[in-house]
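First to last, the sequence lines map onto chains H, R and G.
For what it's worth, the working numbering labels the leading residue of the first sequence as 1, then goes sequentially.
For what it's worth, the working numbering labels the leading residue of the second sequence as 1, then goes sequentially.
For what it's worth, the working numbering labels the leading residue of the third sequence as 1, then goes sequentially.
For the record, the hints were derived by calculation from the structure and aren't laboratory data.
A portion of the hints provided could be inaccurate.
Far from chain G, by Cβ distances over 10 Å, these chain R residues were calculated [stated by the list, open to error]:
no.	residue
1	Leu28
2	Tyr39
3	Ala56
4	Met62
5	Ser71
6	Met77
7	Thr116
8	Val118
Simulated DEER-style distance windows between Cβ atoms [stated by the list, open to error]:
no.	chain 1	residue 1	chain 2	residue 2	range
9	H	Trp412	R	Ile113	56 to 64 Å
10	H	Phe447	G	Trp9	26 to 34 Å
11	G	Glu107	R	Pro72	41 to 49 Å
12	R	Ser71	G	Gln40	33 to 41 Å
13	R	Thr116	H	Arg576	38 to 46 Å
14	H	Thr525	R	Ala30	48 to 56 Å
15	G	Gln53	H	Thr525	54 to 62 Å
16	H	Trp439	R	Ala48	58 to 66 Å
17	H	Gly443	R	Asp73	49 to 57 Å
18	R	Arg55	H	Trp11	50 to 58 Å
19	R	Arg55	G	Leu20	45 to 53 Å
20	H	Arg576	G	Trp9	34 to 42 Å
By construction, the Cβ of each residue, glycine as well, lies at the ideal position given by its N, Cα and C atoms.
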Amino acid sequence: MIAEFGLACLWLAASLAALQLVAASLGQRAGGETLASVVRPAAVVQALLCGVAFLMLLWVFARTDLSVLLVAENSHSEKPMIYKIAGAWGNHEGSMLLWVTIMALAGGLIALIEHRLPERTMLATLGAQAFVGLGFYAFLLFASNPFARISPAPAEGNGLNPLLQDIGLAMHPPTLYMGYVGLSIAFSFAVGALLTRNVTPDFAKVMRPWILGAWIFLTLGITAGSYWAYYELGWGGWWFWDPVENASLMPWLAATALLHSASVLASRDALRTWTIMLGVIAFSMSMIGTFLVRSGILTSVHAFAVDPTRGTFILALLAINIGGALVLFAARANTIAEGERFAPLSREGALVINNVALSAVLGIVLLGTLYPLVTEAFGVRVSVGPPYFNPVSAAFVFPMLLVLAVGPLLRWRRDRFARVKPAVIAIAAAGLVVLLAMWLIAGLALFPLLGVSLAAVVAVAAFLPLQGRSLKRLPLPVWGMAIAHFGVAVALFGMSVDTAFTVEKLSAAGVGDMVEVGPWQVRLTAVEPVAGPNWTALEGRLSASYKGGAGHMLAPQSRTFWAPPQTTSESALLTRWNGQLYTVVGGATQDGRWQLRLWWKPFVTFIWFGGLLIGLGGLLALIGRVSVDVRRRVATRRIAARRAETAR
Amino acid sequence: MTAAFKPKHQRLVLVVLALAAILAAGALAAWALKNQASYFYIPSEIVANPPAADRAVRLGGMVRAGTLKTSPDGVTMHFVVDDGHGQVPVTFAGIAPDLFKEGSGVVAEGHMIDGTFVADNLLAKHDENYVPRELQDMSKQQARQTVAETK
Amino acid sequence: MKGVRWSLWVLAAFAALLGLFALQLSRPKNDTVESAMIGQPMPQFALPPAIEQRPGLSSADLADGTPHLVNVFASWCVPCAAEAPQLAELERRGAPIVAVAVRDRPEDLAAFFNRYGNPFSRIGADNVRTVQLLIGSSGVPETFVVDGKGVIRHQHIGEIRPEDVPDLLARLRDAKR
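Given these sequences and hints, build the entire structure.
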């Protein structure tokens with residue numbers, strides 16, 4: 001009954017979305033007030049119903065109810081509880097339900113609390129939200145019903161891909177979906193503003209927390225995904241330019257551009273059409289990403305179960321949503337009045353350059369990801385990897401980082417170079433010192449050299465805007481910006497140093513043998529069989545000592561799962577403040593030795609610390625923005641109450 | 001330059017800037033794609049028309065049974081990849097992927113150097129337990145059987 | 001005016017993107033390595049029977065003047081179970097089907113046929129995968145169309161889905177000519 005109840009909730013939610021769409025479009029007319037008053041409650045109830053449906057899915061997974069097809073296909077009664085629950089969204093149907101649920105919850109939230117925009121614009125926004133939602137409901141109910149039953153129920157479930165049995169991966173899709181869905185809200189706001197020709201700073205302010213929230217989740221999702229690939233795949237790399245990774249990077253690039261252009265619109269009422277355009281592009285990147293991952297038209301190391309018919313459905317949604325928005329944009333773009341002016345040398349000017357560079361990188365990543373598809377249409381099979389992505393995107397990222405360093409120092413509207421000259425000299429000096437030192441002492445290659453120098457430039461520049469201001473009174477968003485920019489420097493430092501100084505050692509070692517890698521001496525002390533809840537493994541016992549110091553134990557494994565049967569390498573990592581020792585054990589050689597693969601990766605952890613700092617910066621900015629909104633709302637309420645009192 | 005630009009100028013500067021960036025990005029991307037995309041070969045093609053040694057390519061085929069040998073260092077593997085018409089010797093130093101074995105299909109990434117394919121990376125696929133993506137689309141009846149079969 | 005024009009470019013680019021995606025979706029993705037044996041005569045082989053009830057399979061059996069479907073399968077293979085109804089349908093519509101059972105045991109095969117039916121007139125036991133590799137099959141299930149002279153005409157990689165049945169029948173008819 002639980003599955004049927006969940007399905008019924010979904011159907012109800014879908015019909016409420018239809019009601020919301022109809023009421024929002026008809027409510028725009030004169031005399032449609034009654035209809036219009038239905039829209040917000042519809043959104044809220046719809047959110048509740050979706051939430052209940054999702055809870056029902058979690059419930060059947062927690063109980064391993066094998067009469068539900070999805071559970072039978074993706075779960076197993078002997079799986080640990082946490083992975084049973086995570087299994088609910090570790091598959092196509094469940095993840096689409098999660099997407100729809102998050103989207104409905106977000107829609108319910110704006111319906112409940114957002115009253116700053118003119119009601120017409122809000123109606124149009126909620127209508128657009130319902131329209132997008134309806135497409136996904138149709139997708140769920142007609143092409144990927146998560147609650148379908150099988151009869152008779154099988155005796156046991158089909159397990160979960162052991163590669164997916166990992167806590168990081170269990171949390172990864174929800175994180176990315178929060179990001180994607182946040183961008184869908186930004187998209188709805190953009191369409192609402194376009195429909196009602198109401199592109200104002202208020203619109204940007206209302207949209208901004210959603211972009212920020214989406215951006216934080218995308219940042220964390222990419223950071224976590226990169227770390228997952230790093231320790232789980234056992235290849236020692238942290239970014240493979242794999243289509244699945246690119247699919248999460250592209251929305252992030254668009255969201256980063258959107259975040260900055262929305263802040264120009266909010267503070268200065270400039271870049272109106274551009275911000276709308278980016279709102280559309282950011283969500284279209286989310287959908288293209290989902291499409292690429294789910295349709296299976298690109299091959300990837302992160303193999304998902306994929307299906308062309310579902311791809312067709314997502315493609316249709318993409319065409320309708322984004323195509324419709326673009327047509328609307330083409331029709332309306334020239335009716336939006338031009339915003340405030342600014343000089344090229346100004347905060348706005350720098351942000352425009354940032355936006356152009358980010359868009360260029362976005363285009364480069366998109367082109368590289370799609371190029372194999374284009375050539376395949378002509379019968380030539382190619383793959384595009386780091387030799388393309390690294391230098392080409394760096395050609396735009398590096399100059400952009402220079403602008404990132406200087407931009408926050410500039411004033412809005414217009415500025416004089418003489419005013420910022422001392423700061424620019426300080427920044428440039430820091431960069432040059434590091435550049436020369438690294439070049440002369442370490443003799444780095446071009447890209448790591450530029451990377452390290454730019455990291456120094458950005459790190460110094462990140463905190464210059466705080467100079468001469470009272471740190472206590474500094475608004476949180478400014479702190480957020482400084483920390484996020486500093487995070488970029490930290491991540492860039494990690495990437496460059498890892499690229500330049502990583503030492504790799506591949507060898508076959510007998511028990512008792514010593515292998516040296518960088519400053520480490522690693523001894524293979526034993527190889528033992530071990531067993532886990534649903535796997536058995538050969539575990540290598542390693543004793544590693546740093547520059548002859550005390551030994552640390554590491555235990556990389558080569559695991560064999562039994563449902564479904566599959567072998568994976570579990571790397572073992574040893575983290576010091578200045579880097580990580582990364583160890584993988586492979587199979588046995590004929591003469592009884594064991595394959596060992598060791599890396600010493602200096603400062604590699606800085607990559608993910610940087611990512612976390614960027615996310616933290618975003619979080620501070622979000623808290624700052626939201627608390628100002630809340631305070632303002634409380635104040636207006638108080639004023640209204642006082643007025644009512646005095647009137648009495 | 002200190003005065004705010006006239007609207008027309010401002011827009012012009014932005015448009016020119018954006019256009020220049022797009023053109024530069026497009027040109028750079030096109031050039032790099034032409035030079036850096038790695039092509040997919042099968043053994044008979046790579047034998048007939050070997051790519052330059054500095055060019056990263058992919059090679060796909062079957063690992064011929066009986067050819068897989070490991071060097072005394074324990075980590076370098078030699079084997080022959082075959083498509084029925086042609087065959088290429090391949091060397092690979094590293095830990096082979098779990099699905100890699102004799103007689104299975106393999107896709108190797110690397111360079112063709114003096115008639116030998118030096119692989120940087122191996123991607124094994126299509127093993128005996130492979131489940132094609134079409135399986136997701138089975139009827140309920142089939143899925144039930146499948147689930148029962150694989151317990 | 002300018003705004004309209006550049007947004008039209010974006011729209012055109014988006015339409016091109018959709019076209020590309022649609023094109024790619026419409027043609028099934030094929031990353032598998034095709035057999036180079038297509039158009040070649042079947043190599044010489046002779047496999048012992050895999051179960052008692054059916055004879056084994058040799059290359060001579062295939063060159064008997066009638067086209068055959070050769071199904072390479074195993075009882076431990078999940079997609080092989082999924083394609084069983086399609087094989088039964090092919091048999092019902094008059095296609096002669098023979099099989100190569102890869103690395104299998106008679107008792108497992110018996111259980112498999114009990115459950116899914118046995119559409120095969122001959123089943124050869126390929127316990128060391130030699131024949132499978134000889135004919136250029138890289139996994140299970142795969143289905144080959146072999147004409148009356150024993151020449152391999154077509155290779156179907158992966159399990160047979162309902163929409164593949166007419167195609168295989170047509171190829172069998174073509175092989176007759």
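Identify every previously stated hint that the structure contradicts and give their numbers, smallest first. Numbers 4, 16, 17, 19 and 20 - these are the hints that the structure violates, sorted from lowest upward.
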